[in-house]
Amino acid sequence: MGLFERSACALTVVPLADRLSCMPIKTIATFEVKSIQIINEKGEADEGLLPPLSEGEFKRFFETIILARTFNHRALSLQREGRIGTYASIWGQEASQIGSALAFGDGDWLFPSFRESGVFVARGYPIWMLYRYWAGDERGMQVPEEFNLFPMSVPVGTQIPHATGAAWAMKLKGDRKAAAVYFGDGGSSKGDFHEGLNFAGVFKAPVIFLCQNNQWAISVPRSRQTAAETIAQKAAAYGFEGVQVDGNDVVAVYKATKEAIQKAYSGGGPTLIECFTYRLDDHTTADDSSRYRSDEEVESWKAKEPLIRLRIYMEKKGWWSKEYEEGINRGAQEKVDSEIKKAEAYAPPDPADIIKYTYAELTPRQRRDLKERGWQS
Amino acid sequence: MAKLNLVQAINQALSEEMERDSNVVIIGEDVGKDGGVFRVTQGLMDRFGPERVIDTPLSELGIIGSAVGLSAYGLKPVAEIQFMGFTYAGVEQLFSHASRIRSRSRGRFSCPMVVRAPYGIGIKPPELHSESTEAIFCQMPGLKVVVPSTPYSAKGLLLSAIRDPDPVLFLEASRLYRSVKSEVPEGEYSIPLGKASIYQEGADITVVSWGTMLHRAAEASEDFDCEIIDLQTLRPYDEEAVLQSVKKTGRLVIVHEAPRMAGFGAELAALVAEEAFEYLKAPVIRVTAPDAVIPMARLEDYYMPSQESIKKAYEKVMKY
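For the protein sequence lines, the chains are A and B, in the order given.
Numbering follows my numbering, with no gaps: position 370 of the first sequence is 370.
Numbering follows my numbering, with no gaps: position 298 of the second sequence is 298.
If you are wondering where the hints come from, they were derived from the structure by calculation, not from laboratory data.
Incorrect hints may have been included.
[Stated by the list, open to error] With a Cα cut of at most 30 Å, we get these calculated DSS-like pairs of lysine-lysine: (1) K190(A) x K76(B); (2) K263(A) x K76(B); (3) K76(B) x K173(A); (4) K195(B) x K356(A); (5) K33(B) x K356(A); (6) K371(A) x K195(B); (7) K33(B) x K204(A); (8) K302(A) x K335(A); (9) K371(A) x K247(B); (10) K204(A) x K181(B); (11) K319(B) x K181(B).
[What the hints assert, rightly or not] Chain A stretches covered by chain B per the calculated footprint, using a threshold of three residues with CB under 8 Å from any CB of chain B: (12) 92-98; (13) 189-200.
[Said to hold, decoys possible] Counterexamples of contact, computed for chain A against chain B with all Cβ distances above 12 Å: (14) F58; (15) G82; (16) G105; (17) I218; (18) V220; (19) D287; (20) Y292; (21) W320; (22) P348; (23) P349; (24) R373.
Since the structure is predicted, the reported quantities are computational estimates derived from the model, not experimental observations.
For every residue, glycine included, the Cβ atom is placed at its ideal position computed from N, Cα and C.
Isolated chain B (complex conformation):
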């Protein structure tokens, strides 16, 4: 089995799904000849032609807004937005239309589309290229939010996202694009949306994370018996997997690179407080970025939760 990085795994998923389903089209800035700014769509225009891998104007609202029409009419657009920070220009189209056409039309119309965007810190880019504002998108009913952590899961989750009858925001950790590899089988396999995966089994501490932070949380766990849950889909998320694990360990640490204030960790902590309070041996701890704007390259290492801060959280919950 081939070992692929995240870019290769996503490219393979797109390629295989386009082969199987002629309704799948890729739209975005530089996705054609250039193969995307991270080369995720490399080679796909040569293979499927410029009618299916389509360079668009520099126009995020236009990309997401026209994807609403493309998908309602019966195509399956996979739109690439170059960085998560640039999705903001298209947020109204995602929130006010893509995510609620089904409800607004009481099921007559739907928008089965995928918006792919790299997110997160760690590649030392200019401003607004490192956003991790997944929680904003998780607040919106009708939208699904997926964050793969490994090349294997990226391929399987992307297949499910493209086949999903509802709009999916698919966030790819730019720091992981070429830094993690895993075995990725060729051909079809899908990982269902809404299901978490146990990245590492353990008995003492439940750790919930996704994307880049999952790997850091795992690296920090060497001296602890952590059960690490890769959430994979943030909306709708696998409440059962989180609760089952917390009921077993009695401790929960959440690690994410977004600021703590109303971050997705708050949702997880609230779930456990409501549903598993009597199982808790220690307070729930969130390890997050500070409540501040994401800095540029010189300060980004200070901003992201460090291995030490994660270890401290593990130590703290183990004191109880």
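Here chain A stands alone, though its shape is the one from the complex:
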């Protein structure tokens, strides 16, 4: 009986007819959530929605997905061989990461979580540095000056307000830029999500919230993160637009992100994009997902993974051939091989690094710590 609850004179229950005559109930807010797919899993495109992308741009999506996937696959092997530590696989989520990351300009700032290898690879981040990082070397996140990429954030969802803050600073300084933050369905349950999105709405900050809803937060399904039908609709409560896209459709992700960036640049404020996708691998190399989800479920999503549809679509356009893909694969393997060599040949970190990046300057105690341990500063 929503009618009774919403009434301003609902202190006592009175006959409906009397109440309507004294205080009509009005609908003062509604919302709708759009879900966008441009290329479906069979490789069929909605030509009306398809943005004007060239062959070269399609190939860039395709080749970046292959490179990221090769990076990812090798990371899993290296972990099994004990050459890197615990690693969080991106398999299945490449379109969400790459379609969005390729949409940003160099001046935009990105705030990734720990499951964002595709974002780093798409931005051109040195691959050997990623392997160093996952091998337990902080220097892998000593982000080179030319990248406006924050080091990956481990505590889930806590990076969300950082992007809001950076975007807010862009607005206060009058810079025509945007910030974006990557997080998952699990992250949307955190207070950081609420406070970060709420600030962004209030200050109309040029920020894009990229939620990869990969259906699982370790073993807990999306249905346990929220009773809401979508994560996208949460934006409505913060006063800005939320949209769901097929997160395995690189073109849909790219288009939605581009539009959100344009909106941010032109003062239109934030956007929440829910990329509806699936984590095909375990949560990390330390997880066993067979404990909590069925093979059938995983198999059904394998048919929907991003590369299959892209391949079919590009073949129809005459942009794909077996030889082309083999060449791309070979190139990616060679690239990743040489990056691994570089990562493993790199000099081990200096123990003094533990201390010397705590503050801009060493404290007297830290100078003593260095000296007592015999570490060079």
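Chain A is already provided as a structure; the job is to place chain B on it using the hints.
Here is chain B on its own, set in the frame of chain A:
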């Protein structure tokens, strides 16, 4: 020279630094039109506009978390949290991010931000408005913790805090806001972080304290020859000043209003035990609150170290 109270001195520091550096912005709850719940930011929105003195949603995590992004991008946010007890909602942002972005990125990014918060007992407020949990924050590498004791030092320390390249928690004793005055010169002067100040020279007992308790420790010292050290910065703190004084007096009394258990006094006592043991003529004594939750108004006078308890500590170390 004008005599200012703590509120006026901090207001002047903010105002002057905002005048000098257009990157400084104030964010927080009620900091704009209302001038803050203690009126510390009074008049600043009129002077610098709502784009630099910004009322935010009621959202401590949001304030500290967005300050991470604001500062990484190049602004210098000075965030006001209304009471120290409310910083707890933003502690993860301070501990897991602000204080370690520099280390995590091996120097590429940093968070030069200040979080100002009133702390401590003595204004008879509701629950959680009197916290004095500075030691928790001192455990976190990458963060600096400053507690001014006088209006003069508050201004100079705040200038240094705003200019510091790393995040600073700036704790203002709410009991002192309007109860102490000192001469505060107009214009620029800064007091370096990490340096203590000798509040009162003496020969027999070294007393180390900060904030409200510094004044109580001084009041209790009338019949003793105490050297009173105003620590000013708790992290990183001035070990040399403490050691030098203890080597001279041979006695150390630490006074703080936080509970004794793992309080900052424990750090000071351990330092002296390690570095100046052979100079000690008496055991180190900590005068602190009991190991219990801070009470509300009716019992707060019992909780805070009293002048008598401090005097007793002075008497005790003088017996050796």
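Quick rundown of the hints versus the structure:
1. For the suggested pair K190(A) and K76(B), the alpha carbons sit about 27 Å apart, so the restraint of at most 30 Å is met.
2. About 27 Å separates the Cα atoms of K263(A) and K76(B), which keeps this hinted pair within 30 Å; it holds.
3. Distance hint between K76(B) and K173(A) is fulfilled; the C-alpha atoms sit about 12 Å from each other, no more than 30 Å.
4. Only pairs whose Cα atoms come within 30 Å are accepted, and K195(B) paired with K356(A) is accepted, the gap being roughly 20 Å.
5. Only pairs whose Cα atoms come within 30 Å are accepted, and K33(B) paired with K356(A) is rejected, the gap being roughly 42 Å.
6. A threshold of 30 Å between alpha carbons decides the hint, and for K371(A) with K195(B) the separation of about 22 Å falls inside it, so the pair holds.
7. At roughly 20 Å between alpha-carbon atoms, K33(B) and K204(A) fall within 30 Å of each other, so this suggested pair holds.
8. Restraint check for K302(A) and K335(A): the C-alpha separation of about 26 Å stays at or below 30 Å, so the hint holds.
9. Distance hint between K371(A) and K247(B) is fulfilled; the C-alpha atoms sit about 23 Å from each other, no more than 30 Å.
10. Taken as a hint, the K204(A) and K181(B) pair is broken in the structure, with Cα atoms around 42 Å apart against an allowance of 30 Å.
11. Of the pairs offered as hints, the one joining K319(B) and K181(B) is violated, with about 35 Å between alpha carbons and a cut-off of 30 Å exceeded.
12. Against chain B, the segment 92-98 of chain A contributes 0 residues with a C-beta closer than 8 Å to a partner C-beta. That does not satisfy the three-residue criterion, and the hint is violated.
13. By the rule of at least three residues with a Cβ nearer than 8 Å to a Cβ of chain B, the coverage given for the segment 189-200 of chain A holds, with 6 such residues.
14. No Cβ of chain B approaches the Cβ of F58(A) within 12 Å, the least distance being about 34 Å, so the stated non-interface status holds.
15. The Cβ of G82(A) lies farther than 12 Å from every Cβ of chain B, with a closest approach of about 24 Å, so its non-interface assignment holds.
16. At roughly 15 Å, the least C-beta separation between G105(A) and chain B is larger than 12 Å, which holds for a residue marked as non-interface.
17. Once the 12 Å rule is applied to beta carbons, I218(A) is consistent with being away from chain B; the minimum gap is 19 Å.
18. Annotated as non-interface, V220(A) keeps its C-beta farther than 12 Å from every C-beta of chain B; the closest such distance is 20 Å.
19. At the 12 Å boundary, the C-beta of D287(A) stays outside the reach of chain B, the nearest C-beta of that chain being 22 Å off.
20. Annotated as non-interface, Y292(A) keeps its C-beta farther than 12 Å from every C-beta of chain B; the closest such distance is 27 Å.
21. The claim that W320(A) is not at the interface with chain B holds, since no C-beta of that chain comes within 12 Å of its own (minimum 39 Å).
22. At roughly 14 Å, the least C-beta separation between P348(A) and chain B is larger than 12 Å, which holds for a residue marked as non-interface.
23. At roughly 9 Å, the least C-beta separation between P349(A) and chain B is not larger than 12 Å, which violates its mark as non-interface.
24. Distance check for R373(A) against chain B: the nearest CB is about 15 Å away, which clears 12 Å, and the non-interface claim stands.
Of the numbered hints stated above, those contradicted by the structure are hints 5, 10, 11, 12, 23, listed in ascending order.
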